[in-house]
Amino acid sequence: MNNPYFDLLMWARGPAFNIALFIFVAGIALRVVEIVALGRKRDLAPAKGNPVAQGLKTIFTRSVPRKGLVAYAPITYIGGYIFHMGFFVAFFLFGPHIAFIDGLIGVSWPNLSRVIIESAVALSVLALFALLYARMADPVRRALTTFDDCLVWLLSLLPMVTGYVAVNKLFGDPTLMLALHILSVELLMIAFPFTKLMHAVTFVMARYYNGAIQGRKGAQS
Amino acid sequence: MKPMLPELMQTHGVSRRRFLKYCATLTSLMALPPAMMPRVAQALETAVRPSVIWLSFQECTGCTESITRSHAPTIEDLIFNAVSLDYHHTLQAASGHAAEAAREQAMKDHHGKYLLVVDGSIPVGDPGYSCIAGISNRDMLKETAAGAAAVVAVGTCAAYGGIPHADPNPTGAVAVSEIIKDKPIINVPGCPPIPVVMTGVLSHFLTFGVPKLDDLGRPAAFYGETIHDRCYRRPFYDKGLFAEGFDDEGARAGWCLYKLGCKGPTTKSVCATVKWNGGTSFPIEAGHPCLGCTEPDFWDNGGFYRPLSVPAGDFRKVGLAAVAAGAVAGIGGGMLAHRNRAKAAAEHEEVDAHDLEKPS
Ligand code: SF4
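Heads up: the sequence lines are chains L and G, in that order.
The numbers in my numbering rise by one with no breaks, and the one at position 52 of the first sequence is 139.
The numbers in my numbering rise by one with no breaks, and the one at position 77 of the second sequence is 627.
Calculated from the structure, these hints are not laboratory results.
Keep in mind that the hints are not guaranteed to be accurate.
Stated by the list, open to error - For each label pair, taking beta carbons as the anchor points, the in silico distance ranges come out as:
#1 G:A871 with L:A306: 41 to 47 angstroms
#2 G:P677 with L:L238: 51 to 57 angstroms
#3 L:M292 with G:L763: 56 to 62 angstroms
#4 L:I192 with G:D732: 51 to 57 angstroms
#5 G:E899 with L:M292: 31 to 37 angstroms
Quick caveat, the model's predicted, so the values are computed rather than measured.
Just so it is clear, CB atoms sit at the ideal spot from N, CA and C, and this is done for glycine as well.
The shape of chain L in the complex, shown without the other chains (with noise of 0.2 angstroms):
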């Protein structure tokens, strides 16, 4: 006799995480090397400023927002702070995640508790449904939105509700909802390379560049 959610638990721990891991590292790696491969012309003027160091300045920057932008669009600057670090602290700082990441690659640091954790995810998640109120209630913003948009805020919103579900066995057998949980995030690492989720690894390429650019040319940025 089987367990099907038992199976279903070894299927995601097993080859459904395997064929996400390869979907994910490969297409980050694709992605990344294939922007660097790309280059750029050598630039033959002479430096006037530090290019390096505005690179590595501009990538934690810009993550402040211009004078005014907040009170302009309070939804979209709070909201977004709001859930991505919800996000961070959810994952990287429980302790089943970081035993995770433990298992695959032999780092870990320490962890916090559940009620921090969850009051973490329950604020990540009012933000997704407040950042997706803000963008729909904009004629602009909503005419702007693709596919592409919404299955990213679905699959950012999923894994956080199946494992607040797993965790609390609000409802559904645990061993169903853990491997429910497990999936949802292996969906979100299949799409990971090939949607704008891939703006958590290439957000550091654009801004140094950005930066550098204009530290090369001695402006600020």
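Please arrange chain G with the ligand on chain L, whose structure you already have, making use of the hints.
Structure of chain G with the ligand alone, referenced to chain L:
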């Protein structure tokens, strides 16, 4: 003739008070309303001892050990003694033909009424892998189950195939329910099951018949919650305090064993509440993570010491292959882009405003 339960209790010095306490525990364990307790007690005291035939197939005798553990006479084993155990090749005095004759006699005398208890899985790869008195396990099970009122599959091997069923399952081991389709089957998994769970099921069968079962054929009352739900280390899980090794400070302080591979969150059993050895302790209390032994295929759950959140496959090789494949594809993509750029540059035609204005 075997003595009934009251006489057995008397000879073993078990007071009526203790017996009633036991019945109360059993009643609550079986999730019956407290008002049912006198009925449970009465049924146990007066039940006509049912004939029980116990078949042991591919097993380690751990389940028999568990229920008959001999360190002290417990009410559980008194209840076990109160049934008419007509065949059990570990416990019976008879052997060889006499033993088989006892089984056949019991099957004949109590046809349609006896309870068949099975521990161990049944090999279907080759009947010769496991035989008793020259009869293959499969044939003996089919033959004995035909006249049984119900079948109790004791232990994970009988319930789900258990350890013999573990990958690559060399004997083609299967559970009782794979072979017997026309009888009520009560699965009592565990490696081994907790004695009181076995006697609880037996008592339920004596008093109210087959208990309510879950999707995996287990009595819902004993397998309704996960170990994690009731684990005394749960507050540490919630606080995020995990033992990182078997002998680190966290382990000594009784922190959660999740990171040491505990399968409590996905394992349904009453280990954490009923416990073992007369309520003394259970594996997690002894410092070892739960192996998940009441669940099908627990032996193939990705490693006993691998946390549930860690993937079970050979992911490192996959990851390295992915880096290489992605990098090669990326270089290919980059080269293609360069070629396209060079091609576009070569095919570039100079045009001026006059050209654009020419009628096409
Ligand atoms: S030791 Fe196991 S069952 Fe107990 S709280 Fe930790 S993970 Fe859950």
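Give me the numbers of the hints this structure contradicts, sorted from smallest to largest.
-> Structure breaks no hint.
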